Amino acid sequence: GESVGLHLPTLSVQEGDNSIINCAYSNSASDYFIWYKQESGKGPQFIIDIRSNMDKRQGQRVTVLLNKTVKHLSLQIAATQPGDSAVYFCAENNAGNMLTFGGGTRLMVKP
Amino acid sequence: GAVVSQHPSRVICKSGTSVKIECRSLDFQATTMFWYRQFPKQSLMLMATSNEGSKATYEQGVEKDKFLINHASLTLSTLTVTSAHPEDSSFYICSARAPTGYSSYNEQFFGPGTRLTVL
Chain A
4 GESVGLHLPT LSVQEGDNSI INCAYSNSAS DYFIWYKQES GKGPQFIIDI
54 RSNMDKRQGQ RVTVLLNKTV KHLSLQIAAT QPGDSAVYFC AENNAGNMLT
104 FGGGTRLMVK P
Chain B
22 GAVVSQHPSR VICKSGTSVK IECRSLDFQA TTMFWYRQFP KQSLMLMATS
72 NEGSKATYEQ GVEKDKFLIN HASLTLSTLT VTSAHPEDSS FYICSARAPT
122 GYSSYNEQFF GPGTRLTVL
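Sequence order for the protein chains is A and B. Heads up, the working numbering is the position in the first sequence plus 3, with the first residue counted as 1. Heads up, the working numbering is the position in the second sequence plus 21, with the first residue counted as 1.
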């Protein structure tokens, strides 16, 4: 079936640096993408989303970029803070209005 | 934002017993809720879609007779793990789809999860 994958399972960054987390998706029919943050023992927390008719969306310290040509999604976190340490998942919404999650990337922020 | 709760947050049971997990949307009505399972260091895997007033739709490989889902009201869905075994130990997470116009397009709001440990 269709799947969403990530390139890097673990990303370690210095506090204050920018972080970039990448995600590759395979379902060209997906029309909506979401990034979630999951802290240990908790449910996923919505960070930012983007529809397929956009290529960039900005939030507070976060930016999501969508490249439909190569089916690539990225999450950029500016001025990464220790509280950003978590596992980040991308998810795609397919034609059946179901979410398919990527494998996850663990972000570790070094003080 | 919308709040989804789960109860219990953590449960330990003996092999062979049944465990019920509740998922509630606290400030909106959800005609559709979802149940996910997450094993350690893995991603969320959709188990089933819970539809209010109708039978749940199960993903391939998920036993409907083992994972009973009931969506009796617009704010409550329950997942019952019947005759639980150690391999059913996992983190179970529910989500509720927000009504049209409530928030971002087709957004799902997630519960805090339930840690099930079967001895």
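Some hints could be false.
Stated by the list, open to error - Result set (DSSO-like, lysine-lysine): computed pairs, CA atoms no more than 30 Å apart in a straight line: (1) B/41 x B/85; (2) B/76 x B/87; (3) B/41 x A/45; (4) B/62 x A/71.
To be verified - Quick list of the computed label-pair ranges, beta carbon to beta carbon: (5) B/63 x A/30: 17 to 25 Å; (6) A/85 x B/138: 23 to 31 Å; (7) B/87 x A/56: 19 to 27 Å; (8) B/120 x A/64: 25 to 33 Å; (9) B/75 x A/85: 39 to 47 Å; (10) A/60 x B/95: 24 to 32 Å; (11) B/84 x A/109: 26 to 34 Å; (12) A/98 x B/95: 44 to 52 Å; (13) A/34 x B/80: 16 to 24 Å.
Everything labelled a hint here was simulated from the structure, so no lab data went into it. What you are looking at is a predicted structure, and each value in this text was computed from that prediction instead of being measured. Glycine is no exception: its CB is placed at the ideal position from the N, C-alpha and C atoms.
How the hints compare with the structure:
1. B/41 x B/85: 14 Å, holds
2. B/76 x B/87: It holds: about 14 Å lies between the C-alpha atoms, which stays within 30 Å.
3. B/41 x A/45: Roughly 19 Å between the alpha carbons, so the hint for residue 41 of chain B and residue 45 of chain A holds.
4. B/62 x A/71: The given pair, whose Cα atoms are some 28 Å apart, holds under the 30 Å limit.
5. B/63 x A/30: 17 to 25 Å: This hint holds: roughly 20 Å between Cβ atoms.
6. A/85 x B/138: 23 to 31 Å: Since the Cβ atoms of residue 85 of chain A and residue 138 of chain B sit about 30 Å apart, the hinted range of 23 to 31 Å holds.
7. B/87 x A/56: 19 to 27 Å: At 41 Å between Cβs, range violated.
8. B/120 x A/64: 25 to 33 Å: With a Cβ separation near 29 Å, residue 120 of chain B and residue 64 of chain A satisfy 25 to 33 Å, so the hint holds.
9. B/75 x A/85: 39 to 47 Å: Holds, since residue 75 of chain B and residue 85 of chain A (Cβ atoms, about 45 Å apart) stay within the stated range.
10. A/60 x B/95: 24 to 32 Å: Between residue 60 of chain A and residue 95 of chain B, where Cβ atoms are some 31 Å apart, the hint holds.
11. B/84 x A/109: 26 to 34 Å: Since the Cβ atoms of residue 84 of chain B and residue 109 of chain A sit about 31 Å apart, the hinted range of 26 to 34 Å holds.
12. A/98 x B/95: 44 to 52 Å: 25 Å, violated
13. A/34 x B/80: 16 to 24 Å: 20 Å, holds
In terms of the numbered hints stated before, the structure departs from hints 7 and 12, listed from lowest to highest.
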